[in-house]
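> Below, each chain spelled out in residue letters.
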Amino acid sequence: MTATLVTLALIFAELSLLAFGGGNTILPEMQRQVVDVNHWMTAQEFTALFALAQAAPGPNMMVVPLVGWHVAGFSGVLVTSLAKFGPSSLVTGFALRLWERFKDRPWRRTVQAGLVPVTAGLVAASAIVITHASVSGWGTVLIAAGVAIATTTTRIHPLLALAAGAVLGLTGIGQP
Amino acid sequence: MDAIPAARTAKHDAPDVGELFTGFFILGLTGFGGVLPLARHMMVEKRRWLTGAEFTDLLGLCQFLPGGNIINMSVAVGLKFRGIPGAFASILGLIAVPTAVVIGLGVIYGRFADDPVVRHLFGGLAAAAAGLLISTAIKIAWPLRRDVLGLFIGALCVLAIAVFRLPLLPTLLTLAPLSIFLRSRQAS
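Top line first, the protein sequences correspond to chains W and G.
When we follow the working numbering, the leftmost residue of the first sequence carries the number 93, and every step to the right adds one.
When we follow the working numbering, the leftmost residue of the second sequence carries the number 17, and every step to the right adds one.
It should be emphasised that the hints constitute simulated quantities derived from the structure, not laboratory data.
One thing to keep in mind: the hints can contain errors.
[To be verified] Here are the simulated EDC-like pairs of lysine to aspartate or glutamate, each with C-alpha atoms no more than 16 angstroms apart in a straight line:
id, chain 1, residue 1, chain 2, residue 2
1, W, Lys195, G, Asp73
2, G, Lys62, G, Glu35
3, G, Lys62, G, Asp29
4, W, Lys195, G, Asp29
[To be verified] Incomplete in silico selection of chain G near chain W, CB under 8 angstroms:
id, residue
5, His57
6, Met58
7, Ala145
8, Leu184
Glycine included, C-beta positions come from ideal geometry on N, C-alpha and C.
My request is simple: use the sequences and hints to build the entire structure.
Right under this line is the structure:
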């Protein structure tokens, strides 16, 4: 149990410091660690947890405590939350003091412009990995495609799109 | 680390630790599928902790650093006004309710995951969540559509992470400096 908690702490502390461009960029690595490397759950279970976290209120990284819960109960929640939010918060704290000094330097813009395509690529990779694990049968393909088109082209509320997907899924049409 | 002197923020309603907690607590309670617009409303318009310009400036910092924007923002705002206790109050307020809700959902899922009806429901929910992520990816990539260098770097990221399933650390350590270097060459 302790070994599991230490592994959880190490994984999420690393993810915390690598999450440039927000939480969605680290989903593939999180999935790789908890599914492929540590075999704590299947890819489908990971995707279900991600979907649950999206249906909850608050910041979009709530899959973190949920993975902790699934793997190790309450201590898992505590360890993953501390490991995921602690290191990046420390960095924020220190950077806040330096920010006034470097926010107008030209190199900051260059670094930020350089990180944009990396973020875009990582979020696209997340979309591919999560979609691949979540669609089984033409019914779920249609739901994913429909939600993607609707939320890209209209201002439909994300929660409404999730609810529509859940209701369509409930019918079981096009699912194995 | 103590609070940064609030000399230029005298015109604001500087929040105390309790107000920081309740402000972010309500934000965590209400923010579905994207907290950012609500965060601005709460901090700038409703509670007047920050001016619009200060909010944008802090957001720029938080986007620059690793971690979720809003999580970092809560830490930064807490530190700015009340030092370390403020930072703790802000981030705990923000994640308290969402954490309780996801664990509740996780318990329900764990108990009924084998039921075919629940399995179908979650199948649909997961597909919809994937659809949302596709939409987010399109929106982030859209401004790069005529940027050959950006598309090239983005495609390398997709190949490394989604196709070859390479670990994130070496991928980032290679592609981020490469991308920044090519940008700096382009700029000069």
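> Each of the hints needs a verdict: does it hold here or not?
Evaluated hints:
1. Using a Cα cut-off of 16 angstroms, the hinted pair W/Lys195 and G/Asp73 holds, with the two alpha carbons roughly 9 angstroms apart.
2. A distance of roughly 13 angstroms separates the Cα atoms of G/Lys62 and G/Glu35; the hinted pair therefore holds under the 16 angstroms criterion.
3. Distance check on the hinted pair: G/Lys62 and G/Asp29 sit about 11 angstroms apart at the alpha-carbon level, within 16 angstroms; holds.
4. A distance of roughly 25 angstroms separates the Cα atoms of W/Lys195 and G/Asp29; the hinted pair therefore is violated under the 16 angstroms criterion.
5. For G/His57, the suggested interface contact is broken, since its CB lies about 15 angstroms from the closest CB of chain W, more than 8 angstroms.
6. Interface restraint check for G/Met58: the shortest CB-CB distance to chain W comes to about 13 angstroms, outside 8 angstroms, so the restraint is violated.
7. Interface hint status for G/Ala145: upheld, as the beta-carbon distance to the closest one in chain W is roughly 4 angstroms, under 8 angstroms.
8. The beta carbon of G/Leu184 is positioned within 8 angstroms of a beta carbon in chain W (closest approach about 4 angstroms), and the interface hint is therefore held.
Violated hints, listed in ascending order, are 4, 5 and 6; each of the other numbered hints is respected by the structure.
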